[in-house]
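J.: Read off the chains here:
Protein chains: 2
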Amino acid sequence: MYTINSLSLLVEQFQRLPGIGNKTAQRLAYYVLNLPENEVKKFTNAILDAHKNLRQCKICSNLTDAEICSICTDPKRDKSIICVLTAPKDVIAFEKTNQYNGLYHVLNGEISPMNGVSPEDIKIKELLDRLKDGTVKEVIMATNPTIEGEATSMYISRLIKPYNITVTRLAYGIPIGADLEYADEITLGRALNGRQNMI
Amino acid sequence: MYTINSLSLLVEQFQRLPGIGNKTAQRLAYYVLNLPENEVKKFTNAILDAHKNLRQCKICSNLTDAEICSICTDPKRDKSIICVLTAPKDVIAFEKTNQYNGLYHVLNGEISPMNGVSPEDIKIKELLDRLKDGTVKEVIMATNPTIEGEATSMYISRLIKPYNITVTRLAYGIPIGADLEYADEITLGRALNGRQNMI
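Protein chains in written order, with this note's numbering: chain A, 1 to 199; chain B, 1 to 199.
Among the hints, a few may not be true.
Same chains, same label: a pair holds when it works inside one copy or across any pair of copies.
Unchecked claim - In silico DSSO-like pairs for lysine-lysine, Cα to Cα no more than 27 Å straight-line:
#, residue 1, residue 2
1, LYS161, LYS41
2, LYS52, LYS23
3, LYS23, LYS42
4, LYS96, LYS23
5, LYS123, LYS23
6, LYS132, LYS96
7, LYS96, LYS52
8, LYS23, LYS41
9, LYS161, LYS42
10, LYS41, LYS52
11, LYS42, LYS89
Don't read these hints as lab results, they were simulated from the structure.
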């Protein structure tokens, strides 16, 4: 088969990224090739720098440039409430709502025996350590609404019980802007069960 | 807004790639962050190497690692026929058919007054230079079936006329595997005009 060495190596590398197939990888490769040299440097440096600088916050395990992340060090955040998430990108999603002023705890995974992820593989011990001094009054479980996510939440809430702390979870229901017709029956059922008084 | 410096720089860089939106850029960034260091190096080196090594073939303007591309130097290729393409990726598409054994000429663009691309901006002069010694007997115009592509083909074929060389173009018609119902009327009309004897 006809190949150009450096090009196919580059396409191969792009193709390893999640959700990038052969055609897209080719398009990305040609795009990068046509960039001016300083732009290419900027791109590769952003990758190398991020990979070098980003680490897990010593307190909440969120991604951070520093020892402790900017949320954990922010004196204006409410230290009595912790929102438990499975991945750092969920922190960004929550911060975008502008409706939450507490702290986070990023598990960096979900318990999943199928995939060989046991409770010790995610940051549960670190979460329990944070609850010991009595500052935290509420823990919000905000794992994904999947079997693994639910199981992880259940497991953790049972561990929190002895601490005498309120454990809540996100409301399930119809997503805003969606058409009822397209809601699946499980979501609709949960929305019905969780119905609230309007007046 | 809440941001992590190195992370948002990285997301920003991914987002500049064609067809990559904010969500995908974020997913790619997290993926890259979770790669082992040597894999990250491999990725950035593939980009830098490709950008440094790849250049245009001195003869056909296709992308190549060397002075002259592997197709132009291949003694087994038929030197009497040149297929004219707009972009290097089209060469790869043609090579995949395994049905063409001639040479290529990559214009690296299409004439498009709207986008400020005039005939001097693409490799037309270089094509005409290749026709002067009389080796080439046929030129296949294989530009894109768009207004710009057609105009480019028309323009070039008029320039080739004095050389007394056969100029052909790709057949238009129904793509294989497609449903007639979904063919647009222009394609269908072209397919009708270009109908061929079956027996």
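J.: A separate judgement is required for each hint: does it hold in the structure or not?
T.: So, going through the hints one by one against the coordinates:
Taking the closest pair of Cα atoms, LYS161 and LYS41 never come within 27 Å of each other, the shortest separation being 51 Å inside a single copy and 45 Å across copies. In the homo-oligomer, the alpha carbons of LYS52 and LYS23 lie at most 27 Å apart only across protomers (22 Å), although the nearest pairing inside one protomer, at 30 Å, exceeds that limit. Both within a single protomer and between protomers do LYS23 and LYS42 lie at most 27 Å apart by alpha-carbon distance, with minima of 24 Å and 21 Å respectively. With identical chains, the CA atoms of LYS96 and LYS23 are at most 27 Å apart between copies only, with a shortest distance of 13 Å across copies and 33 Å within one.
In this assembly of identical chains, LYS123 and LYS23 lie within 27 Å of each other by CA distance solely across copies; the values are 25 Å between and 38 Å within a copy. Proximity of LYS132 and LYS96 under a CA criterion of 27 Å is satisfied in neither setting, with 29 Å inside one chain copy and 64 Å between copies. Proximity of LYS96 to LYS52 under the C-alpha cut-off of 27 Å is restricted to the intra-copy arrangement: shortest distance 26 Å within a copy versus 40 Å between copies. In this assembly of identical chains, LYS23 and LYS41 lie within 27 Å of each other by CA distance both inside one copy and across copies; the values are 24 Å within and 23 Å between.
Taking CA atoms no more than 27 Å apart as the test, LYS161 paired with LYS42 passes in neither setting, with 49 Å inside one copy and 47 Å between copies. For a Cα distance limit of 27 Å, the shortest separation of LYS41 from LYS52 qualifies both inside one copy, at 16 Å, and across copies, at 11 Å. In this assembly of identical chains, the alpha carbons of LYS42 and LYS89 lie at most 27 Å apart whether taken from the same copy (23 Å) or from different copies (25 Å).
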